[in-house]
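> This is what each chain is made of:
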Amino acid sequence: MRSNNGVILKVYRAALHAYPRLYRREIADEMIDTVRARAEEMNTRGGLMGMIRFWSKEITAVLWAGIRLRFSGNLLSRATIPEVATQLRYDLRFAFRSLRRSPVFTTTAALTIALGIGAAVVIFSFVNGILLSPLPYEDPAGLVMFRTYGGRGTAISEPEFLAFRTEAQSLETVAAVHDVSMTIQLGEPRRITAMEATHELFPMLGVPPLIGRFFTNEDDLPGAAMVTVLSHRLWLDMYGGDPGALGQSIMLDAESYEIVGVMPADFHFPTPEYVLWLPYQIDPADPDQWNNHYLEGYARLRDGVDLQTARKEIIAMGERFVAEHPEYLENLGFSSDLESLFEAVVGGTRTPLLVLFGAVGFLLLIGCTNVANLLLARGESRKQEIAVRSALGASRSRVVTQLLMESVLLSVLGGCVGFVLVPWGIRTLRSAALDTIPRVGNITLEPRVLAFAIGVTLLTGILFGILPSITGSRSDLQTHLKEGGRTSSSSRQGNLTRRLLVACEVALSVVLVIGAGIMLRSLANLQGTDTGFRTDNILTMRISLPDGGRDEDAENVAFYARLAEQVEAMPGVSSAGAVGRLPLFQGIGSWSFQIAGREVATIGEAPVALLQQVTPGYFDTMDLRLLQGRFLEPADDSGARMVVVVNEAFARDHWPNDVATGQRIKLYSSRLPWMEIVGVVKNERHSSLAGNVRPKMYIPHAQAPVSAYRANTTMNLVVHGEHIERLARPIRSLVNRMNGAAPVYHVQTMDEIKAASMIDRSYPTLLLTVFGLLALFLASIGIYGLVAFQVNQARHDIGIHVALGASASNVRRRILGGGLAPVAIGIGIGLAGTVAMSRLLTSMLYEVSAVDPPVYIGVPIVLLIVAATASLVPALRATRIDPVEVLRVE
Amino acid sequence: MSPNDPMAFLPLTSLTYHVLLALADESRHGYGIIKEVEQRTNGQMELETGTLYAAMKRMRDDRLIEAVPQSKRPAGEDSRRRTYRLTPFGRKVLKAESQRLAHLLGIAAEKKVLPIAPA
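Taken in sequence, the protein lines are chains A and B.
Numbering of the first sequence is given in the working numbering, commencing with residue 1 and proceeding in unit increments.
Numbering of the second sequence is given in the working numbering, commencing with residue 1 and proceeding in unit increments.
Be aware that a few hints might be false.
[To be verified] Pairs of lysine-lysine, BS3-like flavour, derived with a Cα cap of 27 angstroms:
| hint | chain 1 | residue 1 | chain 2 | residue 2 |
| --- | --- | --- | --- | --- |
| 1 | B | Lys35 | A | Lys57 |
| 2 | A | Lys666 | A | Lys682 |
| 3 | B | Lys112 | B | Lys92 |
| 4 | B | Lys35 | A | Lys10 |
| 5 | B | Lys95 | B | Lys112 |
| 6 | B | Lys35 | B | Lys95 |
No wet-lab data here; the hints were simulated from the structure.
Based on the sequences and whatever the hints tell you, model everything.
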């Protein structure tokens, strides 16, 4: 302990510097002596923890007491609160007057700060609303979501749900949901998104209905009465908020449901998209198959169980499922896991948001260095004023306080201007984000955001003001009064500070601009990805025919064939078709299938591929490229030979060295017929631009009732032509005339769909680019300011140089060098910093390295060009300095 | 408010009062004051050295306490350990504060908050 005390005593001695100097000199030894005696005493009494507590208390105390001692004199002369207030008022008035005297400086500085603070507050409101506030459910930390691999997305199957519900020890409740799209009659047919949920869901979330009840145990058994719970929005739309809605029945997809409850207005689960809930009926005695993964599973952890423990159990259960049901699960590579609900909801947004938050922080820092430099330059010209004030008796700390007051006032001005822009900024960013950002409704100007705004404003003021006020208050009375404001050694030191600040600002800009550059490269790569289909001049819309069961399949098929035909006949349309699942917009299910000659015994061993139902016009409209065989044709109807077109990935997977056309496949079921592969098309991206392309089958919509159980009642119409946006209205009325009960929705162009599919990448990229450009702009102002100031300071020297025969190019080179040296240093630091931080971007990049050479080389060149341009104007001005004039001022 | 008027200092902070009280019967060095306060309060008040010396600076500036001149210290005592004592003015302030507290305790006794009135 003795030697430990030696180190800690050194720390204590250092902390003693908080005490005023004179007093410290007098009592330091005595205090060390006392504290050492106390420490030895504690050591015998308290042990190690006691020692740690003792020293942390002692060191905090000496710091705190010392600082207080500096600011208050003796017991009587300690400034009272009213006195401090008077002084502050005086300083404030003084700061106001001083800022008003230089309106150009004040405006420039305040706008710079406004920009930084405004951007920081807007991004913080996103961070706050999305990442910092808890989910709006009871004890949200205990809510988890199932994550499975090998099935569809992260979904679980009915038998898995039942097993988790009854067997998982670490879970208190387990609920399963499934989303469905339904047609509701609201004046005209409207398509809504509904959620089928087991009765555990709402009690688990801890949100009671506003009126009525939620589902009971009986509601989700097969054969129970059809009931539904409405969202607040749908309740208002349909019943104007009348509680009498309870007990009434509504028609959903031609079925009648009784309304048993209405949820409160602010309830969303998991997103506001779901406007209605139905019981998910499941028969525990006869569940669906193990490999039918289509339920989203949610659960609440049992009290006192942590996520890691629960995960272990669920992972083990998943392994058991595979061992017990290999025929279903083994080939899928199935495994199960848990994730916190919070993570499931916001997980993907965390990195981009934090990167953006870091970026605005940098922007604010760049703004601060700019303003600090302005203040330093201003301080230079105020040396005399300060010297006079000191001569009249103002203490150093008074002068520092007054100068700091000025910068805080400046920052408050900037903060106010910036804050005015915040609501606009939040609105703009919220609407630009479309639906891709989770919890967007939660992004508001709430108290925590206001507190952040105030805090960041004050901190900014102190940050950019502290250095200038300390250097500015350093006054050497004699020199300043005597020299009348000309360059002195102290202002040379000031020049060094200014150059360092510019170097910092350039370094920060390099990081931002390179970050933006790499993100832009990634976005360009994504944009340039071959989708495999045409995206321009394509109009799409979704149509849902009432589902009349298998009996109406023929009518359904005829409807879409006729619709495509009639749309094709419209002026301006070159082709039209229909497709079950729209690429880049809709998820798509995969099916197990058999290959003739390679039949397998169980579904678990069968290969899987995505299944798409299309009308023949789809291929032409989307301009898919044919690699082998032929496209589907109108003649491929239910009476003809069953056919299928597959994509390149499918053909390569199963016949890498052979032609796929002519081979026969069938969907996995003994009852379904064999289909002949008649064509192979080039891969089409489906789920996203960035993902892997999976094997896909295209079957004729007309043959689907025979070859795939049913033909889709919901199809997407795709239309290629000129001025497609003008076609939406006539096509909608055409559909209405053909079937008045079929809603038309999701009307959008393929270009819009493609842009929306990239928005999770393009959005942060765009913001980062804006921040990068602002940084570049601020840095160029900073460099210009530095060089202009240096020229001004050195007028005298330059005059003499010119008088002694220095050429214009000599002068120019000297000035440019003075401006570019800190830029070069800043670029070096910035590059090193970027390499260190590039790891953060990796997860957001597509086919570009986080250390991408072209960007790392290009950005410094751009910065050097910007810096040279910014330095050129003052450098040219320097060459025009007339030595006679400068020397005459002497 | 005259610095020569003991009443001007009232009420004292509990720290100041304890330090004055510790020095009422004899002069002590810093460590001694800490120990005395700790013992008198049954360990409830543990002073940090930094806090004590900051308070003592103010008390010295206000002439409530003073350092005992080197010559008057007992022989053989560690020369680094300066001892402190009350000034006559400090004693007056201590007395004034004690009377103020006694008065308050009297009221508490009258109102049956305390069982007996202090002497």
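> Given the hinted pair Lys112/B and Lys92/B, is their alpha-carbon gap at most 27 angstroms?
violated, 30 angstroms
> Next pair to validate is Lys35/B with Lys10/A; report whether the Cα-Cα distance is within 27 angstroms.
holds, 24 angstroms
> So if I understand the rule, the pair passes when the alpha-carbon distance is 27 angstroms or less; does Lys95/B with Lys112/B pass?
Given that 27 angstroms is the threshold and the Cα spacing comes to 25 angstroms, the pair holds.
> Is the straight-line distance between the alpha-carbon of Lys35/B and that of Lys95/B 27 angstroms or less?
holds, 22 angstroms
> Check the hint pairing Lys35/B with Lys57/A against an upper bound of 27 angstroms on the C-alpha distance.
Answer holds: Lys35/B to Lys57/A is near 17 angstroms, not above 27 angstroms.
> Does Lys682/A sit within 27 angstroms of Lys666/A, going by the straight-line distance between their CA atoms?
Holds, at about 21 angstroms.
Taken one by one, the earlier hints fail for this structure only at number 3.
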